[in-house]
Every structure is written in C-alpha cells, then in structure tokens.
Amino acid sequence: MAQMTLLQAINDALKTEMRRDNRVVVFGEDVGVNEGVFRATEGLTKEFGEERAFSTPLTETGIVGAAIGMAVYGLKPVPEIQFADYIYPAFDQVVSELAKFRYRSGGEYSCPVVIRTPYGGGIRGGLYHSQSPEAYFTHTPGLKVVIPSTPEDAKGLLASAIRGEDPVIFLEPKKIYRSVKGEVPEGEFTVPIGPARVVQEGSDLSIFCYGAMVEPCRLAAEKALEKEGIRCEIIDLRTLYPVDEEAILASVRKTGRALIVYEAPKTSGYGAEIAALIAERAVEYLEAPIKRIGGFDTPFPYTLEKIYVPDAIRIFLGIKDVMAFE
Amino acid sequence: MSSKSADIPNSAPLLRAMTDSTKAGQLPDGLTAQDLKQMYEGMVLIRAYDERQKKLQRSGRIGFCVTSTGEEATQVGIGHALQDQDWIFGYYRQYGMMLYKGAPITELADHLFGNRDDYAKGRQMPAHYTNRRLNFVSSSSVIGTHLIHAAGAAMAAKYKKDNAVITTFIGDGGTSANDFHSCMTFAGVYKPPLVIYIVNNQYAISQPVSKQCGAETLHLKGVGYGVPAVRVDGNDVIAVYNASREAFAKARAGEGPTLIELFTYRVGPHSSSDDPTRYRGNESDQWLSEDKDPIARTRNYLKSLGLWDEAYEAKIWKDAQNQVNEGTSGSEKKPEPDWNSLFEDVYAELPPALARQRDELIEQESEFPRQQEGEFPL
Ligand SMILES: Cc1ncc(C[n+]2csc(CCOP(=O)(O)OP(=O)(O)O)c2C)c(N)n1
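Top line first, the protein sequences correspond to chains A and B.
Residues 170 to 495 (this note's numbering) are what the first sequence spells out, left to right.
Residues 905 to 1282 (this note's numbering) are what the second sequence spells out, left to right.
Treat each hint with caution, since some may be false.
Stated by the list, open to error - Within a straight-line C-alpha distance of at most 20 Å, the following computed PhoX-like cross-link-like pairs (lysine-lysine) qualify:
1) B/K959 to B/K1237
2) A/K396 to A/K475
3) A/K475 to B/K1062
4) B/K1062 to B/K1196
5) A/K215 to B/K1115
6) A/K475 to A/K435
Keep in mind the hints are simulated off the structure, nothing from the lab.
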C-alpha cells in the first residue's frame, strides 16, 4: 500500500490500466506535454508515447465524438474534459450519441468510453469552474455515473470503469484532489461500480452524500454526536447510476431518518432521486420528513462560494432539524 | 491591405506598417502625432496594469489573474479604430480595450477583487469583465460561445440600421471550438457588420497552434465560409489599426464581415495557474526584444518621428503606475458583496423556491454567523 492523494490515485489507475491493456488511450486538452492542468496525466506521454496519451485541439465535441468513434472501432478511450463545466459543448455527443449507441444498434455496437472530468466547487472557480452536472447524466439512460471520494476508491472505480463495456461519466471532486490522502493498493486493483460505502455506522439518522460532501458530512456528524448525542450513519454513494438502492433502503429502515447532501443546485438535483426512492420504497419506516441540503438554485458564485457550498454548519443544522421532528 | 485577401495563399505575408522602412520617420496615413502617443500610452497603461495584477496575485490578494503582456497592440490598435456605438464581444484577454476606451482602473480592479462595486457582483472569476456603458459584453469562461452572440448582435445592428460595428475575439485555440464555426457560418450567410479577430498568440494553454489546426494560417478559416480575411502583424499597432479601420468602414458601408488574424505572442503564462516553461521552455524571452515587443516597437517608431524622449517615457510610466496603484488599492479596501446578493439576478423576479432558500439562509446566518471561516462556531 502507498499513501496517495486522490489525484495521484487517478494517475496510478490510468498508468496501471494502460500497462494492462494497450487498447486504453488517453487524450484531451493539455493532457500530453503539460500532463493535464491538474497533472492527472503526469508521465503518460513519457511512458506510452504520443499515440496513446496526447493533447487535442480545443473542441469538446471533437474529443467526445472522436472517443465514440475509437470505442466503436475497438479501443478503450479515456478522454479528459478539462473542467466538467466544459462538457456542455459536447453535451449532444454525450447524451444523444455516446449514451445511445448500444441501444440504437440493437447491441451490435458498444461505446466503452470513460469521460474523466474534475467537477464541483471549493477552489474559487466561479460560475464556470465549479459546476456539478451529475443530474444531467443520471437522467440519461445508457450512462453510468461514478464519483469517488477517497484515493482508494478513485483508483479502484476508475479501473473498473475502464474495464467495463459501458460509457461512464467519471466525475472527480477537484476540491479534494490534493487535500485528501489515503492508502491505495499498488498494482492492479478494482472497486466494483455500484455498491455504496458505509463511511460510518449510526442508528439515529442516515446521511447520503458523495464526492467532496463526504468530509463536511463527517465533520457535522462528529459535532452532532459531541454536542447532541446524535449518532449519524453516513453513506458515500460512490456510484450515482446504477445506485445502490439496497444500501440506501437498509440504512433508512434502520434509522428512520434521511438527510441527503449534495452541492449542485437543490431543485431537480440528484438528491431528489434519493428522496423519491426512499418515499417509494421505505416511507413506512420514516419518522421524519426527508431533508435535502444542496447548493442554492442560483448559478455558482465566486466571492460568495463559501456560502453557496453546503458546509458542516449547514449540515449540522440539517441533522438537528430532521431529529427535531416528532 | 487587399479586400480580396481571402485569396491570400498559405504563405500569406503579415500585413505590417511600422517595420516597413518607408514608414520610418513619417506619420502613417490618417494618424496624427497625438494619436500615436495616445496609442503608446494606452499600451503602457495595459502593461502597468498587468504588472500590478501579477503582484496582487503573487501576494495572495487576488485569487487569479490573466495578463495580456505582448498583446497590447492588438487591443490598442483596434480600440483606436472603434467608435462609441460599436460593441465588443471578447474573451478574458481583451480588457485592455476597456482601458483604452476610458474605463477607470477602479472599475477593472473592483472586478479583480470581486467586491461590492464589481459590475458582475463578485460572481465571475477575475478576467470576466463586463461594462454596459462601454458596450463591452459580459463573457463566459466557455471558449467560443460568445462568437455566435456577436454574429447575432451584428445582425440586430444591421436590422436596426445603427451604423454600429460588432467586434468579437477568439484565441487560436478557440477557433477549434464549435461556436466559431457557427459564427462564421452566420457571418458568411447574413453578411452582418461583424469583425472577427483571431488573436493568434500561438498557444492555447500548452497546445501550439500547429497542433491546433492543420492549415498553415488561421485566416484561411475565412475562405470556406465566404468571409474575407486578412493576416496582420498583431505586434504592429499601426497595422492593427489600419486593418481594423478598413474592416470597420466596409462593415458600416454594408459590405459585410471581415476575419482578421492577428499574429502575436503570449509572453506571459496562460493565467496565474499556468507554468509555460513546462511546454515552451524560455522561448518567450525573445518576444520582449526590441524588434518584437509591441511597446518597444512603437517606442522606436516614435523616436524616428522625434516624438519620444527619456523624460516623456519616465512620465508616462509614472502616470500609469500611479493610476494603477491608486485604482487597485481603492478596490482592495471595499467589502465583498452582501451575501443576500447571491439570490439576485437569477430571474427578473425571485421565484418562491429561491425566496424560501434565501429566507432559510437568513435565519441560519442570524443564528450562526460565519465569523471565522473554516471554524465550527458551535
Ligand atoms: C469549452 C472550453 N474548453 C476548455 C476550456 C479551458 N481553457 C481555458 S482557456 C483555454 C485555452 C484557450 O486558448 P486560446 O483560444 O488560444 O486563447 P489564449 O488563452 O491563448 O488567448 C482552455 C483550453 C474552456 N475555458 N472552455
């Protein structure tokens, strides 16, 4: 095992999978010589050459569209979109083409493209370097959506995504690229896509979260225990589609209370899906209304980012709120 | 400059004015000594502003900055040709045009600090300026999206018979983006009063232009769309002015759009987050030499006309630096926008769900004011 940051773990997964399978190719803006603006692709061109790790012209449609063609032809492309906010110019290729290839060809063709992209707030990126677009993609049949929150998961989930036969939107919480460190198994290693991770067990309330929200949830839960004696269970969803329904339902059946935390705008955010799932399948276990804490229904701000992104204080107040319901 | 310049072959020469030896020692057509000095001072002010931005960023007082060192002539040459009713749809590197059009430093600096007086209300990252008074339109960070807006605005100006020219800007990298092609398509079909500038500073972050586009020059991208195009030395302020003046006159006469490739060089990093030595070593040093740096070239030209001496040089730099220091220090002291402003301008009227979110936040904030960032106040 080695200590790695989330970013190093992603780099390690790319290297390991490229060594294992010569069909894996990595490309995107500045990923070659510059090794990625976040350095996620460090050393790839050096080790695998320009044919397998290269910089592209500035066209996201081009990047995703070309990846689709390569995948249809038998490669395993892992394109990078420099910031998730820039996936929108390629949105049509992602939702109309990438997601539908298998279905529309009656299974004759598949498109195993893994789109990696840093997402989310917390780095003073303002409107266009901070968005959390996961809900658009979970709303698109044909795509898998994966969000790691630990270095170990980042490596293992990315490896699974690359080995799989389906397109995956792999969203990397850039706020914790370097701040989160952890043990990561060396060499080939996978974490299955699907199962959620229990961050901590608890009996009073279930908190569902993912990505950079896991850490403030942990902090808030710690305070809730210390100040109010509330024992929170925290579930890191890891995969938003297909989501681990059983883990969510089992937790709610145990605690009877649910809080969902995400940083995208609250309305029609991914939390609504979790809330609906619980309402459909476990309502009889609920002892309080389900609560969602999200970003506000505004574009992502620059100066006021610290107020926009849910923090431990807001989460703590949310925990108290759910617990207060008799 | 040839108006049939879309026919210029691949090896198209750069249109130049100042380096043309016949011009040394004589005033260029249509420009007075006063014009030339104004342009020179405009470039000095942009550079002084950039130096200040870099210092503010390095000392952690602003989070991020973008400079345009080496590209001053592109902004001033165009700025000098613009009229008040004309519009600018730029990206993050054209703020020098705002300065040249007379925006006080404080207006730009308020944006750098994202403070209470920032026109964008502290919502955008630094370098996403907006200024309605100067027809300088707010830009996205998403590369290229504004180009087709400019084409639409130009169609509107034509429809309203406003005699306005719409200018729009894109980097060499940005010419690969989807909307560049949509813009060129509309420009070619509807022939609106639009001038599209490709600021070819030879790199899109780390990607050199040769790996961005398979054609030898970028101005060729006009040909396929039926938009006349020229290729100009972007470090020659007079050539930039001349090409712009001609394109604007054509646009105002109802003769449609022009594409202008400005061949220049980005001397600094892409932004304060970039380390250009990773992909181009120390190559940029030579671009601040006397024969390339647009400011040095203009200085030499002024000298040849007897319009320059050391005292003048010292004075204009001092003036520029004072202006920049005063303007930025004022902005630094202003408070950040009221957090309530987060909910403004999303819609013309606040929808109920958003009003509820705001009210909840007000309640929470009064219960647990965020005095110290990062600290759990409970
Ligand atoms: C659609 C999109 N993709 C990627 C980016 C990230 N990005 C910001 S600037 C830039 C390079 C732009 O280069 P160029 O167009 O040549 O302009 P320059 O910065 O050199 O003036 C990139 C890739 C972005 N802002 N928008």
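Going through the hints against the structure:
no. : hint               : verdict
1   : B/K959 to B/K1237  : holds, 16 Å
2   : A/K396 to A/K475   : violated, 24 Å
3   : A/K475 to B/K1062  : violated, 44 Å
4   : B/K1062 to B/K1196 : violated, 38 Å
5   : A/K215 to B/K1115  : holds, 18 Å
6   : A/K475 to A/K435   : holds, 16 Å
In summary, the structure is inconsistent with hints 2, 3, 4 from the numbered list given earlier, while agreeing with the others.
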